[in-house]
Amino acid sequence: MLYGYAGWTLRIDLSRRQVEKEPLKPEWVDEFVGGRGFTSKILYDENPQGVEPFDPENRFVIAMGPLSGLFLPASGKTHFATKSPATGGYGDSNMGGHFGVNMKYAGYDIAILSGKAETPSYIFIDDDTVEIRPADQYWGKGSTEVEEALKKELGEDFQVLTIGPAGENRVNFACISHDFGRQAGRIGIGAVLGSKNIKAMAVRGTKSIPVFDPKGLLKKGKETYAACREKPGFEGWTPEGTAGITNWCNDVGALPTRNFQTSHCDYADQINGKAILKELKITDKGCFACPIPCGKYGRAKTKLGEVYVEGPEYETLSLIGSNCELSDVHAVAYANYICDELGLDTCSAGAVVAFALECCEKGLITTEDMGMDVKWGDLESVAHILKLISSRQGIGDILALGVKGAAEKIGGDSDKFAIHVKGLEWTGYESRNAPGMMLGYMTADVGAHHSRCWVLGSDVANAVGGNKDANVHDLISGGADFDRIPKADHRNVVPLVLKSQHLRPAFDILGTCRLQYMEIGLETEYYEELYYCATGKKLDFNTDLLILSEKIWHLNRMYNKREIPDFGRKYDYPPPRFYEETIPNGPNKGHVMDFEVIEQMLDDYYAARGWDENGIPTRSTLEKHGLKL
Amino acid sequence: MGLEFNHETCSGCKACELVCSLQNLRVVNPSKAMLKVTAKFPVPGKYYVQICDQCGECAEVCPQEAIRLKGETYRIDKNMCDGCLVCVDACPVNVIKVDDHSMPYKCNNCRQCAEVCPRDALTFH
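Line order of the protein sequences matches chains D and L.
Sequential numbering of the first sequence, starting at 1, is according to the numbering used here.
Sequential numbering of the second sequence, starting at 1001, is according to the numbering used here.
Derived from the structure by calculation, the hints contain no laboratory data.
None of these values were measured; they are calculated from a predicted model.
Be aware that one or more of the hints could be misleading.
Stated by the list, open to error - Below, computed lysine-lysine pairings styled on BS3-like, alpha-carbon distance capped at 25 Å:
1. L:Lys1078 - D:Lys301
2. D:Lys207 - D:Lys222
3. D:Lys561 - D:Lys487
4. D:Lys151 - L:Lys1040
5. D:Lys151 - D:Lys141
6. D:Lys409 - D:Lys570
7. L:Lys1040 - D:Lys152
8. L:Lys1040 - D:Lys215
9. D:Lys222 - D:Lys538
10. D:Lys141 - L:Lys1040
11. D:Lys207 - D:Lys537
12. D:Lys409 - D:Lys499
13. L:Lys1046 - D:Lys281
14. L:Lys1040 - D:Lys219
15. D:Lys278 - L:Lys1046
16. D:Lys222 - L:Lys1106
17. D:Lys303 - D:Lys375
18. D:Lys215 - L:Lys1078
Said to hold, decoys possible - Just the calculated beta-carbon pair ranges, DEER-fashion:
19. L:Val1061 - D:Asp30: 47 to 57 Å
20. D:Tyr3 - L:Asn1094: 28 to 38 Å
21. D:Gln393 - L:Asn1024: 54 to 64 Å
22. L:Arg1111 - D:Asp30: 32 to 42 Å
23. D:Lys487 - L:Asn1024: 56 to 66 Å
All C-beta atoms in this analysis are idealised placements derived from N, C-alpha and C, irrespective of residue type, glycine included.
Put together the whole structure using the sequences plus the hints.
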């Protein structure tokens, strides 16, 4: 008995309309534990070498972890992975809500989709019943609209994920939506589902998950919930959720503004967490088993209409908000709603819209191309561009490639302000005076995503003092008031980046949210004891689990090397804006990242990882981690 | 007297369902819990929890008189219950459940849902 696991892998061949169930492989459990460990292993082993992202044979993998669905804080995470259309390499995206736990209650730790349905379809899973059903009536409709319709058709107990028109039209930053506001946003995961003609999945699970020590899990689960309540961040961080960091980021000069031209704006108070609470919020909205719900569900009113929407979270506030110069929280929330309905990742969508606005500003895209006179800070302009992208009309067809692909088509000097790494748009932390954060973005396997590494706090501490290990609540409650921030020290960032890059996957492997640890400081010891109660096996968080994280880092790097012909160091550079243009205002005014520092950080990072000077894991590094590739 | 629900603070996490099934049945299975979280989205955007408030309607319809008030809690006497499941249909909030042996079970006021609820949306008075 594999305690802590549902016990089955579900394989769905969409072309042949075949459904197979096979016992979860114990060797996968022993070596890769769950979640992101499973997705990395399966993509490397099973995805055909050289497969195109939109080829039917590109695998689409869903994986839960050994702690998913159990009685412990925020055990509701689901991991999705595929070959990314944005980067051409390993891609994964993580989602909260209630979908993955129902997969597990239905009996499945993993689902692997291959092939392509002949016509628009959705996948129906009700415990042992798995069917590929027609979805013609839903094709072309919005994500939330389809989720609501499917729940009405099947019953409220079904948990539904959907793609929007952007996914159907293979936009490189199309997302998966679920639970009226949760997304697996990144790497174009929704576009791959759309390329398989899958509009939605609906699942209901009613089985029990076997655990090694139910009484122990009950006791430890209660203790862990109680421990969360004792953390200052429980009361301090939860009310605003991720949006609570907006002012701090602005105050330390890290808030992306005007397509990352600068890192500070003068209207942060209008688009922060307090503005959401005052102007929008109806209810706190939590994921499965979460004691600190970061979701804020509310109602936005603009001249374009009145809508119900979850969010905006910090990434949306920064990338759709200040990065597009939207200075009204209602306008940001409305744009958030449009992205959700169209099925666009708000991170990349904000970056792409801002890139397009700058192209217009510089005459690289004309008013005629755009179909209207678009402006910074104008909701109608943002909405117009988002709709062009999702429908791939006119210039939207080029912007749908993401900033990297669009810059290649648009030309001029647009590559200098196409803010991405490896083809994935940079998220909400401007890093010209944050060397660790920048290195984290540069070296992330999926491209420029903060979910892989977040060391902005230690970067700031390196510049102005303070606690390098502070959790987010302690950071923001400590405040920040700087007229001018000195140049941050880059010399010792590699160990901090490695630590963060190993800590963050650990939670994706276990199948839980990391925010209880990252934001309010719940100790890792709780997860060790919960894991033992669930599985009957010992797992040392700081050795076993972080070593597995490191192994996955090497494996994904090798996947990228295998799939991207000239993959190596040149894929790790940040966009030229960050080393050619100084920050024009705010507390980091005058700072720019030195290119020599970038090279030095990469040298140090590769050496610490056991990679060669081109950033490829050495044979001995792979052998040390038991990777026979 | 008993369990009360405040929808203003509920965030729909279902920790109550998890602890209910684990405390009383020793299984990890929210679908077996003796209370149920429902989400009303996209409009109006609120959560509700169907709870047993010990209203006694199950006891009133039980032909065997197997459900009796003990203290503040209606309890099913397993020796008297013949499994007719009339109580299940009578429950106005559908929280009397049926076990793997086709016998009914109901909330016993163990209070664990209220103890664990991180939002204090469930309280016991």
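Checked hints:
no.: 1; hint: L:Lys1078 - D:Lys301; in the structure: violated, 56 Å
no.: 2; hint: D:Lys207 - D:Lys222; in the structure: holds, 22 Å
no.: 3; hint: D:Lys561 - D:Lys487; in the structure: violated, 34 Å
no.: 4; hint: D:Lys151 - L:Lys1040; in the structure: holds, 11 Å
no.: 5; hint: D:Lys151 - D:Lys141; in the structure: holds, 15 Å
no.: 6; hint: D:Lys409 - D:Lys570; in the structure: holds, 20 Å
no.: 7; hint: L:Lys1040 - D:Lys152; in the structure: holds, 12 Å
no.: 8; hint: L:Lys1040 - D:Lys215; in the structure: violated, 33 Å
no.: 9; hint: D:Lys222 - D:Lys538; in the structure: holds, 20 Å
no.: 10; hint: D:Lys141 - L:Lys1040; in the structure: holds, 21 Å
no.: 11; hint: D:Lys207 - D:Lys537; in the structure: holds, 23 Å
no.: 12; hint: D:Lys409 - D:Lys499; in the structure: violated, 38 Å
no.: 13; hint: L:Lys1046 - D:Lys281; in the structure: holds, 11 Å
no.: 14; hint: L:Lys1040 - D:Lys219; in the structure: violated, 32 Å
no.: 15; hint: D:Lys278 - L:Lys1046; in the structure: holds, 18 Å
no.: 16; hint: D:Lys222 - L:Lys1106; in the structure: holds, 22 Å
no.: 17; hint: D:Lys303 - D:Lys375; in the structure: holds, 16 Å
no.: 18; hint: D:Lys215 - L:Lys1078; in the structure: holds, 24 Å
no.: 19; hint: L:Val1061 - D:Asp30: 47 to 57 Å; in the structure: holds, 53 Å
no.: 20; hint: D:Tyr3 - L:Asn1094: 28 to 38 Å; in the structure: holds, 32 Å
no.: 21; hint: D:Gln393 - L:Asn1024: 54 to 64 Å; in the structure: holds, 56 Å
no.: 22; hint: L:Arg1111 - D:Asp30: 32 to 42 Å; in the structure: holds, 40 Å
no.: 23; hint: D:Lys487 - L:Asn1024: 56 to 66 Å; in the structure: holds, 60 Å
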